[in-house]
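Residues per chain, in single letters:
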Amino acid sequence: MLPGLLLIPVLAFFIVWNTIPTLWLLGLSFYRFSLTSGRAPIYAGLLNFQNILNDSGVWLDLSRTLLFVVSGVGIQTVLGVALGLLFWNSGRLPGRRVALTLLFAPMVLTPVASGTFWRLIYDPTFGVLNAMLRGVGLSGANFLGDSSTAFAAVLVVDVWMWTPFMVLMTMAALASVPKAELEAAEIDQLSWMQRMRLVLLHHGKYILMLGILLRTIDSFKTMDLIYNMTFGGPGTTTQLVAITLYRRAFEAFNMGWSSALAVILLLISIAFTATFIFVLHWRDKADA
Amino acid sequence: MMRASWRDHAYHAVLWLVALVFFAPIAWIILSSFKTADQILATPPVLLFRPTLDNYVQLFARDSFLHQLFNSLFLSVSAVLIAVAVSFLAAFSFSRFKPAGTDFLMFLLLSIRMLPGSAAILPVYLMYVGFGWKDTYAGMILFYAMFSIPFSVWILKGFIDGVSPRFDETGRVNGASWLRIIARTILPQVMPGVIAALIFNFIFVWNEFLFNYIIGGLQTSNVPVALSTGLYSSGGVDWTFISALTTVYLVPPVLVVYLFQRYLLVGMTFGTVRGEV
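If you read the sequences in order, they're chains A and B.
For the record, in the first sequence the residue sitting at position 188 is 187 according to numbering that gives the first Met the number 0, with numbers rising by one throughout.
For the record, in the second sequence the residue sitting at position 126 is 125 according to numbering that gives the first Met the number 0, with numbers rising by one throughout.
For reference, chain A alone in the conformation it holds in the complex (with noise of 0.2 Å):
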């Protein structure tokens, strides 16, 4: 009786804004449907999610993503891995608490101001980076408008907001390393390599696992951050599927097209999650 009540509030929150939701555009991918013509939907059978495959402008889009996803995630994490490493014996750096906090804050700096701020930094005129090429002698560019290199300006931003993540996580899986085995791992007087793979990676890895797979999901989902600061552009060459998703529903009204895209999108995070749990009980497993 107590179990079941306790879990009504939760569960009627579950209802009212995930599963109708969820059954809303489930349905609503199989019908035409746009909020533009005030025509009630149209039966459509498969034809919005062929459409979707049949899209080369998606596949460019989901491909772009996964680019973003593989070649940030994986900056932020050797560079992270490499700052962590660093940090490791800064027990005693004087200001340790505020030194932190600068390397965390752009974590929480709101990402619509981030991604807008740095339009000002990558400014060819007026920003203070071309200001610093110039100044050494280089020249400058366009970073945001050229589109040779705007994927990479945006790509530099997203590292810079969350390498200080994939440190935290690092020193978490330092943190997790007994202090005995260290020892005795010196004693033994063993080298920097076989030190980091017997015993660092041995009681690091899930920690480090899951920092990965937390920045894999949330760097799938980039939204806020491009949305002010490129909007996809130029052209498309920063447009990641959340963007693609955005301008099909919310500038476009093409409800039914997006809510097949939507259902696709919800699958691959499905499976995502799926891996994640999957990874929380083989750390559990191999702890106990």
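It is worth saying that the hints were derived from the structure and are not from the lab.
Even glycine gets a Cβ: it sits at the ideal position worked out from N, Cα and C.
Do not take every clue at face value.
Stated by the list, open to error - Calculated Cβ distances over 10 Å to all of chain A for the following chain B residues:
1) 9
2) 57
3) 58
4) 63
5) 95
6) 107
7) 110
8) 133
9) 161
10) 162
11) 208
12) 217
13) 260
As the list claims (entries may be wrong) - Below, a sample of chain B positions facing chain A; criterion: calculated Cβ distance under 8 Å:
14) 17
15) 36
16) 38
17) 115
18) 125
19) 126
20) 148
21) 241
22) 256
23) 259
24) 271
On the provided structure of chain A, position chain B as indicated by the hints.
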């Protein structure tokens, strides 16, 4: 001895340098907020200038800004309080009674948070337009509460799992009601989890843009929406407005990171990773 201390200094200098490099773009925003519009767009950019508070005076003189700041605070605080209260009950039930379907429900809850925002908001938008809930405080708060629940349930369940059921049994044997057991013996022990859930959902709702933009409106818009829609004034981007607004808005999350650094890890990993940094 001298050598070691010299190396320590160098090591600490490098660590501070790393922190400052990551903070530099934010420092640039803060610096810009004390410049005039001309100084912000000066070429080459100026580092030394006479600071002005005009941008802040103008910002706080905007009625719309105070309204939006109030909205940010009101929406985030109320949504988070509702979410954590509701999630605590569910997490307790999941942890202690393990009702059928616990794993499946925990999975579904998590998958909500893994969905790209524009996909998550699409059906809710259609529903809100249909029911006339768009741009209402109740509609916004309850939706944000829904979005904060998965995170909170995950964090809190992990913490309640860590409290031995012996505490409950002792209470039961002594005739205490479940409510009393929850309030007196479990809640105090899982306080770190409650705090982590509160502050991380707070930061999420505080910084959230897309949902507010789509299912909100004039009445309920928060500061990120104000920032995005108020970018342009008199032909150009209004950088003085943006830098002052961003600086003000950054204070609470940065304070949270400073004051609650111990909870950062728990908070950012759905409670799946514990420990301190």
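Now for the hints, and whether the structure bears them out:
1. Against the 10 Å criterion, residue 9 (chain B) stays outside the reach of chain A, whose nearest CB is about 12 Å from its own CB.
2. Listed as a non-interface residue, residue 57 (chain B) keeps its Cβ farther than 10 Å from every Cβ of chain A; the least gap is roughly 18 Å.
3. In this structure residue 58 (chain B) is separated from chain A by more than 10 Å, as the shortest Cβ-Cβ distance comes to about 14 Å.
4. With a minimum CB-CB distance of about 16 Å to chain A, residue 63 (chain B) clears the 10 Å threshold, and the non-interface call stands.
5. Its beta-carbon lying about 8 Å from the closest one in chain A, residue 95 (chain B) breaks the requirement of being farther than 10 Å from that chain.
6. Its closest Cβ contact with chain A, about 8 Å, brings residue 107 (chain B) to no more than 10 Å, contrary to its assignment away from the interface.
7. Remark: the non-interface label on residue 110 (chain B) conflicts with the geometry, its nearest Cβ contact in chain A lying 4 Å away (cut-off 10 Å).
8. No Cβ of chain A approaches the Cβ of residue 133 (chain B) within 10 Å, the least distance being about 13 Å, so the stated non-interface status holds.
9. With a minimum CB-CB distance of about 13 Å to chain A, residue 161 (chain B) clears the 10 Å threshold, and the non-interface call stands.
10. With a cut of 10 Å on Cβ distances, residue 162 (chain B) stays outside the contact zone with chain A, its closest approach being about 16 Å.
11. In this structure residue 208 (chain B) is not separated from chain A by more than 10 Å, as the shortest Cβ-Cβ distance comes to only about 5 Å.
12. Distance check for residue 217 (chain B) against chain A: the nearest CB is about 17 Å away, which clears 10 Å, and the non-interface claim stands.
13. The Cβ of residue 260 (chain B) sits about 6 Å from the closest Cβ of chain A, inside the 10 Å cut-off, so the non-interface label is violated.
14. Annotation: residue 17 (chain B) was flagged as interfacial toward chain A, and the flag holds, the nearest CB pair being 6 Å apart, inside 8 Å.
15. About 11 Å separates the beta-carbon of residue 36 (chain B) from the nearest beta-carbon of chain A, more than 8 Å, and the hint is not met.
16. With its C-beta approaching chain A no nearer than about 11 Å, residue 38 (chain B) sits outside the 8 Å limit, and its interface hint is violated.
17. At its closest, the beta carbon of residue 115 (chain B) sits 4 Å from a beta carbon of chain A; the interface hint therefore holds under the 8 Å criterion.
18. With 8 Å as the threshold, the beta carbon of residue 125 (chain B) comes within range of chain A, its nearest partner Cβ sitting at about 6 Å, so the hint holds.
19. Annotation: interface hint on residue 126 (chain B) holds; nearest CB of chain A at approximately 5 Å, less than 8 Å.
20. For the restraint placing residue 148 (chain B) at the interface with chain A, the shortest Cβ-Cβ distance is roughly 6 Å, inside the 8 Å limit, so the hint holds.
21. Here the hint on residue 241 (chain B) is kept, as its CB sits about 6 Å from the closest CB of chain A, short of 8 Å.
22. Taking 8 Å as the C-beta contact cut-off toward chain A, the hint placing residue 256 (chain B) at the interface holds, the least distance being around 5 Å.
23. For residue 259 (chain B), the shortest C-beta to C-beta distance to chain A is roughly 10 Å, which exceeds 8 Å, and the interface hint is violated.
24. The criterion of a C-beta within 8 Å of any C-beta in chain A is met by residue 271 (chain B), whose closest approach is roughly 6 Å, and the hint holds.
Of the numbered hints listed earlier, those contradicted by the structure are 5, 6, 7, 11, 13, 15, 16 and 23.
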